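For the record, the sequence lines run as chains A and B. Going by this note's numbering, the first sequence opens with residue 10, and the numbers climb by one from there. Going by this note's numbering, the second sequence opens with residue 10, and the numbers climb by one from there.
Treat the hints loosely; a few may be bogus.
Note that identical chains are pooled: a pair holds if it fits in a single copy or bridges any two copies.
[To be verified] Below, simulated DSSO-like cross-link-like pairs (lysine-lysine); rule was C-alpha separation at most 30 Å, straight line:
1. LYS322 / LYS261
2. LYS261 / LYS34
3. LYS12 / LYS384
4. LYS294 / LYS384
5. LYS11 / LYS217
6. LYS322 / LYS34
7. LYS374 / LYS11
8. LYS12 / LYS37
Hints are computed from structural coordinates only; laboratory data are not their basis. All values reported here derive from a predicted model rather than from experimental measurement.
Take a look at the letters that make up each chain.
Number of protein chains: 2
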Amino acid sequence: MKKISGSVTAPRGFLAQGVCADLKKSDKKDIALIYSEVPCTAAGTFTTNVVRASCVDITRQHLANGRAQAIVVNSGNANACTGEQGWNDTLQMAQITAQSLDLDPHDVVVASTGVIGVNMCMEKIEKGIRQAAANLSPEDGHKAAQAIMTTDLVSKEIAVEIELQGKTVRIGAIAKGSGMIHPNMATMLAFFTTDACLDNICLEKAFKQAVNQSFNMISVDRDTSTNDMAVILANGLAGNPVINDVNSDDYKLFQEALQTVAVTLAKMIARDGEGATCMIEVQVKGASTQENARQIARSITGSNLTKAAVFGKDANWGRILAAAGYSGVEFDPQRVDIYLGEEKMAENGMGLAFDEERARRELEKDPVVITVDLKSGSQSAVAWGCDLSYDYVKINASYRS
Amino acid sequence: MKKISGSVTAPRGFLAQGVCADLKKSDKKDIALIYSEVPCTAAGTFTTNVVRASCVDITRQHLANGRAQAIVVNSGNANACTGEQGWNDTLQMAQITAQSLDLDPHDVVVASTGVIGVNMCMEKIEKGIRQAAANLSPEDGHKAAQAIMTTDLVSKEIAVEIELQGKTVRIGAIAKGSGMIHPNMATMLAFFTTDACLDNICLEKAFKQAVNQSFNMISVDRDTSTNDMAVILANGLAGNPVINDVNSDDYKLFQEALQTVAVTLAKMIARDGEGATCMIEVQVKGASTQENARQIARSITGSNLTKAAVFGKDANWGRILAAAGYSGVEFDPQRVDIYLGEEKMAENGMGLAFDEERARRELEKDPVVITVDLKSGSQSAVAWGCDLSYDYVKINASYRS
């Protein structure tokens with residue numbers, strides 16, 4: 010697998026654009042469009058929040074047949090909690106996009122992100138979509154990545170290349186997410202494109218697993234949002250023999266590459282967590298089940314006290330163990346070892362006399378790596394988060410204004 | 010019911026003291042002792058964390074027979090994650106206390122709060138306990154309240170008086186808790202005394218319900234601790250006819266008074282949340298079950314985004330609805346009304362055109378009252394929390410050092 014430049018327009022046959030439709034107070038880009046020249050196999054995963062934006066429900070319906078050809082996204086307005094008008098506005102976004110690109114509206118994926126509870130200005134949206142459609146380019150994946158940002162400090166994109174049966178297959182992706190990030194999709198948007206040829210069953214399985222090991226393992230603030238989604242379009246233009254067996258080598262190679270792309274983006278999101286000064290990587294080992302390892306890892310990345318201690322460069326391993334303890338998983342605290350980077354802080358649930366200076370140096374790294382060994386099995390998991398700083402509070406105390 | 014002055018020493022026959030044993034870096038009090046002149050009926054509730062301090066397990070054992078006569082507490086060291094030595098140190102605290110007061114060690118309740126993972130200096134502890142025991146006084150409940158504080162800014166105490174069958178019955182209590190506060194007991198200690206005469210079944214039921222509607226409904230940071238406990242001692246010296254029927258009027262009067270005391274202390278804890286500038290009270294109405302109402306109320310008080318918005322005086326009701334949505338409770342978002350104080354912000358899941366200035370005034374009150382009406386039943390619940398400020402981060406970035 011090789012990292013290549015570009016993102017969603019790196020795979021063959023994909024065009025994109027990002028424009029400014031004045032939905033935000035600033036003059037930043039706020040409408041993104043991604044388009045494949047040919048119909049695609051498609052799959053998606055969505056927020057688990059009971060309160061969902063209409064784009065989540067409508068996109069889920071549109072993807073029910075496993076195909077799509079375009080993705081339209083607006084930032085600046087989540088179009089959530091906006092009732093019937095919000096629902097109609099989402100349908101209209103699909104219709105305008107379909108009309109501009111000569112598609113069936115059901116082949117359009119719609120996503121929104123931004124403030125909750127305010128109706129959208131459809132005049133601006135329509136103008137923006139038409140402008141993006143008229144300027145689609147195989148070079149402008151980066152502009153699409155910029156157009157989906159909200160409080161993100163950096164745009165997030167990546168592309169990779171693998172070889173399958175002598176054919177070059179590419180995967181590209183963009184993502185956004187900074188606050189309101191928590192396992193199970195939270196104001197997190199990610200859009201993947203690939204020119205790989207594979208059937209729906211293989212695409213869905215590969216994508217679901219990739220999302221589960223990446224976006225579902227990051228946490229910024231435990232707030233799960235109304236609008237999250239991750240979607241992948243596969244247009245088959247690489248010309249590789251169709252991947253239709255989840256036990257095949259080609260499937261494994263593709264899934265591995267897809268998961269690497271997803272994990273890379275997920276880590277970018279964690280690192281760019283609102284107000285974050287560093288990323289935190291939590292490795293849980295020696296668990297009896299993988300689910301237990303996942304749950305403990307996410308409980309630690311979600312602990313305000315642990316996050317604040319990392320921000321303060323305070324080697325407070327007791328908070329790490331306490332966060333594992335309230336994860337809901339049963340385990341024997343008296344077997345647990347805890348490491349901060351290379352430094353062993355606790356053994357068998359008890360503190361060791363560690364070197365404060367070396368512990369501090371581990372806390373000055375980015376990422377800060379915390380390892381928890383339960384010594385009760387062979388299963389493991391990794392989760393990513395970030396520290397809790399003054400700036401998180403600052404950003405979220407005045408988001409709407 | 011009448012509020013009276015004092016706290017744990019207000020009921021007849023209770024003595025207390027708080028002393029400084031140099032367990033903290035500052036010269037603040039750190040050993041509290043509460044003693045009843047006669048044996049008491051006793052009950053307790055404890056943290057649900059898998060990682061528990063030895064005092065939690067040992068006190069649970071001591072209360073298994075439903076009786077106790079003294080409570081010893083140290084602050085400055087949680088004696089958690091301290092292995093066998095920690096266990097032995099807790100046993101020794103009970104023994105020293107028992108010896109000083111001529112009791113059986115099993116009649117002593119032991120509690121600790123402070124830093125995790127550091128062994129205690131038993132020499133200092135012993136000296137402190139003996140000093141407190143030698144100076145027990147019916148006037149010094151206040152000193153005990155001070156001695157159990159950690160990052161608390163104010164000591165928390167209350168006493169009330171009710172009349173049962175012509176006899177005056179008193180209930181007094183002290184509590185501590187500031188950070189690491191979350192439903193199901195989290196570095197939260199509360200000690201109740203009463204001179205009421207009642208049997209174990211009635212005491213346990215009344216206390217469990219009071220804790221459930223008070224301490225289990227507050228959240229500062231969703232971090233559940235290793236050391237929480239709430240304990241009540243009832244010595245019967247009021248001379249009221251024994252309460253032995255949970256359906257009697259006397260039981261109801263006593264339970265109501267006990268619950269009022271517990272709710273008052275719980276609100277004091279929420280208001281004194283680390284870094285808090287105001288208390289948040291969340292009222293959930295119209296739920297189909299009380300458990301649903303409780304879960305939604307606690308999800309909102311636990312939302313970092315909601316807490317930061319309240320700190321920033323930003324009427325971001327969308328975050329409130331989103332936090333309800335990820336509570337785990339199924340409900341119809343399109344029926345939900347949301348109020349900020351008197352101001353209706355959203356109706357049927359949609360934003361209303363509200364007066365920003367009036368909303369801001371509601372956010373400047375203390376407590377800030379958020380009401381969520383699900384309009385799907387008749388059950389309700391109230392939860393308390395606080396806003397998320399820069400100071401929360403500051404306090405927790407440097408707690409250990």
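Provide an ascending list of the numbers of those earlier hints which the structure does not satisfy. The structure breaks hints 1, 2, 3; every other hint is satisfied.
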